[in-house]
Amino acid sequence: MLSAPSRPRSLRLLDAFAGPHGIDGYLEQIDPLLATAECRAEVVAVEHGTEESVTLKLRANRAWRGLRAGGFVQVAVEIDGVRHRRCYSPASAEGPGPELELTVKRHPGGLVSNFLNERAAPGMVLGLSQVEGDFGPPPRRPDALLLIAGGSGITPLMSIARTLLAEGHAGAVTLLYYAPDPDRMIYRAELERLAATHPTFDLLRSYTRAPGVGELDGHFGPEHLPAADPALAAAEAFACGPPALLDAVREAWDESKGNLHVESFVPPQPAPSEATGDGTIRFLDSGVELADSGASLLEQAEAAGIAAEFGCRMGICHTCTRRKLSGTHRNLITGEVSSTPEEEIQLCVSTALGDIAVEL
Amino acid sequence: MTTATAPAPAPTTTPPPLPPGMLTPEQAESFGAEMNAIRSRVLDELGEPDIEYIRSLIRTQRGLEAAGRVLLWAGVFPPAWLAGTAALSLSKILDNMEIGHNVMHGQYDWTNDPKLAGKQFEWDTACPADQWRHSHNYMHHTHTNIVGKDRDIGYGVLRMSEEQPWRPYYLGNPLWATLLAALFQYGVALHDLEVERPPEDEADRSKRLGLLKGIWGKVRRQTLRDYVLYPALSGPFFAFPLAGNATANLVRNLWAFTIIFCGHFPEGTQEFSEEETADESRGEWYHRQLLGSANLSGGRLFHILAGNLSFQIEHHLFPDLPARRYEEISVEVREACERYGLPYNVGPLHRQFGSVVKKIWRLALPS
Chain A
1 MLSAPSRPRS LRLLDAFAGP HGIDGYLEQI DPLLATAECR AEVVAVEHGT EESVTLKLRA
61 NRAWRGLRAG GFVQVAVEID GVRHRRCYSP ASAEGPGPEL ELTVKRHPGG LVSNFLNERA
121 APGMVLGLSQ VEGDFGPPPR RPDALLLIAG GSGITPLMSI ARTLLAEGHA GAVTLLYYAP
181 DPDRMIYRAE LERLAATHPT FDLLRSYTRA PGVGELDGHF GPEHLPAADP ALAAAEAFAC
241 GPPALLDAVR EAWDESKGNL HVESFVPPQP APSEATGDGT IRFLDSGVEL ADSGASLLEQ
301 AEAAGIAAEF GCRMGICHTC TRRKLSGTHR NLITGEVSST PEEEIQLCVS TALGDIAVEL
Chain B
1 MTTATAPAPA PTTTPPPLPP GMLTPEQAES FGAEMNAIRS RVLDELGEPD IEYIRSLIRT
61 QRGLEAAGRV LLWAGVFPPA WLAGTAALSL SKILDNMEIG HNVMHGQYDW TNDPKLAGKQ
121 FEWDTACPAD QWRHSHNYMH HTHTNIVGKD RDIGYGVLRM SEEQPWRPYY LGNPLWATLL
181 AALFQYGVAL HDLEVERPPE DEADRSKRLG LLKGIWGKVR RQTLRDYVLY PALSGPFFAF
241 PLAGNATANL VRNLWAFTII FCGHFPEGTQ EFSEEETADE SRGEWYHRQL LGSANLSGGR
301 LFHILAGNLS FQIEHHLFPD LPARRYEEIS VEVREACERY GLPYNVGPLH RQFGSVVKKI
361 WRLALPS
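Taken in order, these protein sequences are the chains called A and B.
At position 241 of the first sequence (counting the first as 1) the number is 241 in the working numbering, and the numbers step up by one without a gap.
At position 367 of the second sequence (counting the first as 1) the number is 367 in the working numbering, and the numbers step up by one without a gap.
In short, the hints are calculated from the structure, not lab data.
Ideal Cβ placement from N, Cα and C applies to all residues, glycine included.
Hints may be right or wrong, so weigh each one.
Quick list of simulated restraints, FRET-style, between CB atoms [stated by the list, open to error]:
hint : chain 1 : residue 1 : chain 2 : residue 2 : range
1    : B       : Arg197    : A       : Arg59     : 55 to 65 Å
2    : A       : Asn114    : B       : Lys207    : 45 to 55 Å
3    : A       : Pro243    : B       : Pro114    : 30 to 40 Å
4    : B       : Pro174    : A       : Ala16     : 51 to 61 Å
5    : B       : Lys149    : A       : Glu99     : 51 to 61 Å
6    : B       : Glu48     : A       : Leu165    : 56 to 66 Å
7    : A       : Glu274    : B       : Gly21     : 38 to 48 Å
8    : B       : Arg167    : A       : Ala16     : 54 to 64 Å
With the Cβ distance kept under 10 Å, some of the chain B side facing chain A (calculated, not the full set) [as the list claims (entries may be wrong)]:
hint : residue
9    : His105
10   : Glu122
11   : Val147
12   : Arg151
13   : Glu162
14   : Thr178
15   : Leu180
16   : Leu183
17   : Asp226
18   : Leu229
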């Protein structure tokens, strides 16, 4: 997370008048976008580029400090009263302006991706983080760039391509793009237009379920690189896509050259386990990792020497409540099992089912 | 959303004769299981209407506060002063009770909204939120009505239980109670400091110094805002907003004191000793919460202004369920109490508060 800039003097004076809720506690009652500290964005347009994806044009409020090509943001969406956060790489070009663009592909059973595909409409307000991550070209642009995209992994690479082409980058920009078929290739029309109008931009498509249609065929393999251009092996490469694609790319690369950068868009979610006591518990803030003994998370933290805050030790007072980042836990009082990432849990009455990561 | 889920049938074993209001360990366990079942069911049902409710209250409170400040700015005109003081009083009552107290219990943690996170919320009263979470959420709610552990019994200044040994100081009980009511926000703030007990050692002393610094920082900011900044905006008429702000703080203090003292001190509520609660099961904990709490009857608006602490019994059984649910839950709790032969202490405000006042006077004298 980027640290917040210090508040301007005028806002601090207003905060003194506003009291414990701050000036934003009042402004956001008028319009959530008026908040001065919390970054939010309003959906201004919704397009369905393919049947399985939605492209949202957003306008961020004044707390937004601009996009860096290839970076990602955490987007918060409220569904039936519960706020869910997901990481998305905006596809829009780098810049300080408030406009940004998100493309979200439906995941089977995906709560947020399906919600946005079905329900996003102009006027909807989303929570937003500042830009995060270290994927993308440095400010001093490399001469030649090779971009490798699989499916919705196109978004950070689209951002990089749009940025460099808008900057009039002199070097070659080559995009290897893998999609099942032309109808499911996100941004196909715009990419074809860019390739037609920018002689430095090469678009090489491979339709994995429609052989013979694109410039390349099949899944990524080392043979696709010479097919692109032998000189590309020297280019700075950026790849984003499903794990299988990234594995194949890593395998084809001479990693010692250090010119390959990959971004995985599927966050590794540990599989829930049937029983307690067989996973690994990670207490992130303390840097402690231990084998789950099956006891409550609070007891295990204490056994590991972490001075965890606690109170009642029976699930009443919420003194030990901490954020679970990933994994599955069971509430010992209600018996409820939850795999929701990023939720507040009471350590004294929670046990782990499989691997779990907690901010403690 | 209300459901018609039938409660679990009463235990089939014939209970041995017990004094009314008592439970065997087995009965306590089955009572506890019924309470756990209510909690799980309500947790499952939480959704959009619950978050909409608390947000609309926050919106109302912020609106009332803004209106109150503007009206009091023009407080030199009597109607503006009256309306402004009323709006600001209401705003402070909503902020402290239905919003602050309830949000800080973690009642809205399930929303994952940082603005409604129990551990982050701060309120407009002298007591810093983090100190409140310790003295109230943990100390009071875990050790409810255990004499010697629950500092809400008399707040360290009053004699509210026969179990507190009488001292001549307690002759002033009615006077101390009146002062505590008028200055309630400061009484609550100093609550965790245990001023009546000399510090045990150096660590205790420095811990208290830290608490005191936290309170001082908060009181300074509040005082500056209510008694300097806003009055200054009215220039030569500064006395009007100053008096309005002081009145609003006083109204909130008196109201909060009244409601809170009706929660555990009316006639019929029970106290407990550390010994008898030492190895208590969860079912027995539920049982103690029930016996130690009392409800207030009234209309919808009354319950909102009381922060739903008028459902003190349900609040103590389920401190982290959104308070707007207590009314519907109370039907099931009351029904379970009838089946288990447990008392369910409920009455209108005048009767419950009347019995609290009587107790304050009675306990001024040695038992």
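Hints versus structure:
Checked against the given bound of 55 to 65 Å, the beta carbons of Arg197/B and Arg59/A, roughly 57 Å apart, stay inside it. The hint said 45 to 55 Å for the Cβ distance between Asn114/A and Lys207/B, and at roughly 51 Å that hint holds. For Pro243/A and Pro114/B, the hinted distance range of 30 to 40 Å is satisfied, since their beta carbons lie about 31 Å from each other. For the hinted restraint 51 to 61 Å between Pro174/B and Ala16/A, the CB-CB distance of approximately 39 Å leaves it violated.
A hinted range of 51 to 61 Å holds for the C-beta pair Lys149/B and Glu99/A, which are about 58 Å apart. One distance hint, 56 to 66 Å for the beta-carbon pair Glu48/B and Leu165/A, is violated here, with the actual separation near 43 Å. For Glu274/A and Gly21/B, the Cβ-Cβ distance of about 43 Å falls inside the hinted range of 38 to 48 Å, so the restraint holds. Between Arg167/B and Ala16/A the CB atoms are about 43 Å apart, so this pair departs from the stated range of 54 to 64 Å.
With its C-beta approaching chain A no nearer than about 7 Å, His105/B sits inside the 10 Å limit, and its interface hint holds. At its closest, the beta carbon of Glu122/B sits 4 Å from a beta carbon of chain A; the interface hint therefore holds under the 10 Å criterion. Because the beta carbon of Val147/B sits about 18 Å from the nearest beta carbon in chain A, more than 10 Å, this interface hint is broken. Checking Arg151/B against chain A by beta carbon gives a least distance of about 14 Å; that is not within 10 Å, so the hint is violated.
The beta carbon of Glu162/B comes no nearer than 27 Å to any beta carbon in chain A, farther than 10 Å, and the hint placing it at the interface is violated. The closest approach between the C-beta of Thr178/B and any C-beta of chain A is roughly 28 Å, which is over the 10 Å cut-off, so the hint fails. About 23 Å separates the beta-carbon of Leu180/B from the nearest beta-carbon of chain A, more than 10 Å, and the hint is not met. Taken as an interface hint, Leu183/B does not check out: its beta carbon lies about 19 Å from the nearest beta carbon of chain A, beyond 10 Å.
Here the hint on Asp226/B is kept, as its CB sits about 9 Å from the closest CB of chain A, short of 10 Å. Satisfaction of the interface hint for Leu229/B is found here, the shortest Cβ-Cβ separation to chain A being roughly 6 Å, below the 10 Å cut-off.
Of the numbered hints stated above, those contradicted by the structure are hints 4, 6, 8, 11, 12, 13, 14, 15 and 16, listed in ascending order.
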